[in-house]
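**Q** Here's the letter readout for the chains.
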Amino acid sequence: MTLGSFLLRKTAVAILTMLTVSFLIFLAFEVNVADVAVKVLGQYSTPDQRTAWLAENGYYDPFVIRYLRWLGGFVTGDWGLSTFFRVPITSIVFPRLGASALLAGGALLVIVVFGLGLGILAGMRAGSLLDRVISVFSVITTSIPDFASAVFLSGIFVFWLGLLPGASTMISGFSLRELILPVLVLGLYSMGYLARITRASMVEVMGTHYIRTARLKGANPARIVLRHAMRNALITPVTVIMLQLPWLLSGVIVIEVFYAYKGFGSLLYDAALNQDIYLVEACAMVSVLVVVLSQILSDLIYGWLNPRISLGAKA
Amino acid sequence: MNDLETLSGAPVHPAARRMETDFNAGRMDRRSFLRALSWLGVAVGGASLMPDLAHAQATPKDGGTLRFACQIQEITDPMMSQWIEASNLYRNSLEFLTWVDADNIVRPYLAKAWTPSEDLTFWDFELDERATWSNGDAFTPEDVIFNINRWIAPDSQSSNKTAFAAISGMEKTGDHSVRITLSRPVASLPEQLYSYTCAMVHRDFTGNWPENPVGTGPFALQVIEVGRRAVFTKRPDYWGTPAHLDEIQYIDLGPDVTTHLAALSSGQVDLIYRATIAEYDLMQSLPNIQILSGKSANTVVMRMQVDQAPFDDIRVRKAIQLAANNQQMLDIAYRGKGTIASNYHVSPVQADYFPLPAMARDVEQAKALLAEAGHADGLAIELTLGNTQGKWEQDTAQVLQQNLAEAGIQVKLNVLPATQYWPIWNKVPFGLTYWAHRPLGSMTMDLAYRSGGSWNESHFASPEFDAALDKAMALVDPEARKAAMEDVERILQDSAVMVQAFWSEPMTAAAQNVQGFVLHPSDYYRMDSIWLS
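Just so you know, the sequences run in chain order X and F. Just so you know, the working numbering puts 186 at position 186 of the first sequence, and the rest follows in order with no gaps. Just so you know, the working numbering puts 52 at position 52 of the second sequence, and the rest follows in order with no gaps.
Since the hints were derived computationally from the structure, they do not count as laboratory data. For glycine and all other residues, C-beta sits at the position ideal for the given N, C-alpha and C. Any given hint could be a false lead.
Just the calculated beta-carbon pair ranges, DEER-fashion [as the list claims (entries may be wrong)]:
{"hint": "1", "chain 1": "F", "residue 1": "S168", "chain 2": "X", "residue 2": "G155", "range": "22 to 32 Å"}
{"hint": "2", "chain 1": "X", "residue 1": "V31", "chain 2": "F", "residue 2": "T206", "range": "32 to 42 Å"}
{"hint": "3", "chain 1": "F", "residue 1": "Q365", "chain 2": "X", "residue 2": "Y60", "range": "49 to 59 Å"}
Straight-line distance between alpha carbons at most 27 Å, and here's what the computed BS3-like set of lysine-lysine pairs gives [to be verified]:
{"hint": "4", "chain 1": "F", "residue 1": "K427", "chain 2": "F", "residue 2": "K482"}
{"hint": "5", "chain 1": "X", "residue 1": "K39", "chain 2": "F", "residue 2": "K471"}
{"hint": "6", "chain 1": "F", "residue 1": "K471", "chain 2": "F", "residue 2": "K482"}
{"hint": "7", "chain 1": "F", "residue 1": "K234", "chain 2": "F", "residue 2": "K161"}
{"hint": "8", "chain 1": "X", "residue 1": "K39", "chain 2": "F", "residue 2": "K391"}
{"hint": "9", "chain 1": "F", "residue 1": "K318", "chain 2": "X", "residue 2": "K39"}
{"hint": "10", "chain 1": "F", "residue 1": "K391", "chain 2": "F", "residue 2": "K427"}
{"hint": "11", "chain 1": "F", "residue 1": "K234", "chain 2": "F", "residue 2": "K295"}
{"hint": "12", "chain 1": "F", "residue 1": "K172", "chain 2": "F", "residue 2": "K234"}
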């Protein structure tokens, strides 16, 4: 299968997925129009106001018509008004997604650099002291959930040492110092996991015949690792990294709330708590889109890492 | 002999003279005397009612930006405020007819004087002629009439509708004076006018204040982003004493107070809105902050809707009260840092408090009452709560759950996020609701327990209670008022409307350089007195 037809097929599947999910989202939030009116107009709205608003906004039309109208609006960028933030949803979702992308980028950098690095180091010399130290460190960081390490790290760096700021609102613009703690917390958790996966993969690859052959040929150890072992050993870790992507972009609610970081996760949290249904719908759609796109991206990377993996077979 | 004077220059109200006699005879303490005088617009020596915002030891310094960690909620119409945080945002730009300070003494604000008739049914308010709106208009009696008409309109959804139900008419009596007529005497009218829903909006107000943020206050709204920040800047053309700060930045740090303290500790904010008992130890351990705490009538009530089964049977309600261990709730949920209460929602810090005997816990009697009510085999009920002020609300409910289990009552806790609790706070049959401080117990009684009141979440209705409350509210004399409140409190306690276990101590924290900040028992924060050293 060519790259073009692969992308075409994946896009079709992605659209089908988005359509299915969008229908389920709409069904969950807007099947009861009376509830929608209360959530949008507030509990102190009168029944007359609700009836007038429902009629004015076409809520007495058949469900399918309403769904198609909503879907059309979503596709054309009309996502409605947030009932909590009182601004157009598009004006708040994308900046928040950008903020989360910044956080995710930082965390991903920590995860990839340190996770892969430590995993490769440990896997190169399985059973050595270095391997054991790295393994213990990985187990510790993986077994501490992010909300707990957030408390520990804030306790140390904010309350005890007074070195870092305790909140990451970025109210006055970008601040690298404010980014350090949330990035560290997110990075630590996934880094240990990635290091363990990479180590296992590396140990397996280092024991294969072609690596032994390269060694017998007298190849430089660095060349063996970088040229022969790493590319094959990376397939599993890449899966782990790609699985982190949607989580980092839209699922880091706890950390964003803990550090008052105004990203996509805290937006979803506020939307859900305040029953801001249009915003929840938009966030849910964006989250699904992120997952779908990251899947396509991971398939492309698999193909690049190992040409034997057929694009068609993965599609 | 004291030198009593009215702010308006009118003759001193006869009730003030009677109180003066009691005070001179040692039958009344000075604070109660000053408070009650302030309702009547009377000062001792002409000075005690003048605004005294500073409370500061050093000379205030002008300038600087104060960063205040606080939830940024949507603000549209001040009379519809349900959260004090939101009302504090308005408070920078919108002012009130009167101001009640942290000692609960009513002081002049937009109204520089007030004079009640002898029977307390006519109140003449004299407006400060200097007061102007930020758009240049003068503050006039038309503004006052416009605001109060909105509050008490038949279709008003504001809690003011109940609080000012006694207002039967208003009349402009001069360029700067207005007369309010009441259908029944209400001695504390000036005090009630500082309720957080009573900020004065311009007479052309159309319903969404941030769209056209005209105000008489010392700060002007620059930015408000819900869930993120709000910025107010000092108004150079303010009609009164200018504020010290150049700018106030309110920053939304989310719901976790630990994050607020982390930001305070690391110098990202200068002041946090409120801390709870859960953060007490952490606050104590921070060297670079000042902790502020005090006494107030803040509390949670676990109230039962008296018209909903099984709470429509007073024996069930009484059994719940008898099985509850109020002391244990205070000791465990609030670590003893509060004052024990006894299920009638009037606090010792409120001027009209009459101490009733504490209810003794009696599980056996509770069981007997339940059996009598047809629940000999036990009873299953659900208590809904939202942790609107913190996790201690849930801790309180959990202690009650254990207490009631001893009497055979199984309580299922339905814990909702705060934002989901508020829409249903007055709808659930058995709910735990936080009630903020009011200077007078009668103000809480009027809002929460008067028949048909807009915030009467328990649906309690008793003509006898209403009449007793009317009687108490008509009295100026603090001692007479306290005595009258006995009936009000007793009727409420005997009717077993709620389990109200304790009064919580309010607490908050600020950076060391924040000066002039006084913990107001109602959390009503005027920012014009604050300065940074």
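**Q** Please go over all the hints and tell whether each is borne out by the structure.
**A** Here is what the structure says about each hint:
Checked against the hint of 22 to 32 Å, the pair S168 (chain F) and G155 (chain X) fails, with Cβ atoms roughly 60 Å apart. Checking the proposed 32 to 42 Å range against V31 (chain X) and T206 (chain F) shows it holds: the Cβ atoms sit about 35 Å from each other. At roughly 56 Å, the beta-carbon separation of Q365 (chain F) and Y60 (chain X) lies within the given 49 to 59 Å, and the hint holds. Of the pairs offered as hints, the one joining K427 (chain F) and K482 (chain F) is violated, with about 32 Å between alpha carbons and a cut-off of 27 Å exceeded.
Simply put, K39 (chain X) and K471 (chain F) have alpha-carbon atoms about 41 Å apart, too far for the 27 Å limit, and the pair is violated. Only pairs whose Cα atoms come within 27 Å are accepted, and K471 (chain F) paired with K482 (chain F) is accepted, the gap being roughly 11 Å. At roughly 33 Å between alpha-carbon atoms, K234 (chain F) and K161 (chain F) are farther apart than 27 Å, so this suggested pair is violated. A hinted pair counts as satisfied when its Cα atoms are at most 27 Å apart, and K39 (chain X) with K391 (chain F) qualifies at roughly 26 Å.
Proposed proximity of K318 (chain F) and K39 (chain X) is contradicted: the alpha carbons are some 37 Å apart, above 27 Å. Using a Cα cut-off of 27 Å, the hinted pair K391 (chain F) and K427 (chain F) holds, with the two alpha carbons roughly 22 Å apart. At most 27 Å may separate the alpha-carbon atoms for a hinted pair to count; K234 (chain F) and K295 (chain F) exceed this at roughly 31 Å. For the given pair, K172 (chain F) sits about 32 Å from K234 (chain F) by alpha-carbon distance, which is inconsistent with the 27 Å threshold.
Hint violations for this structure: numbers 1, 4, 5, 7, 9, 11, 12, all remaining hints satisfied.
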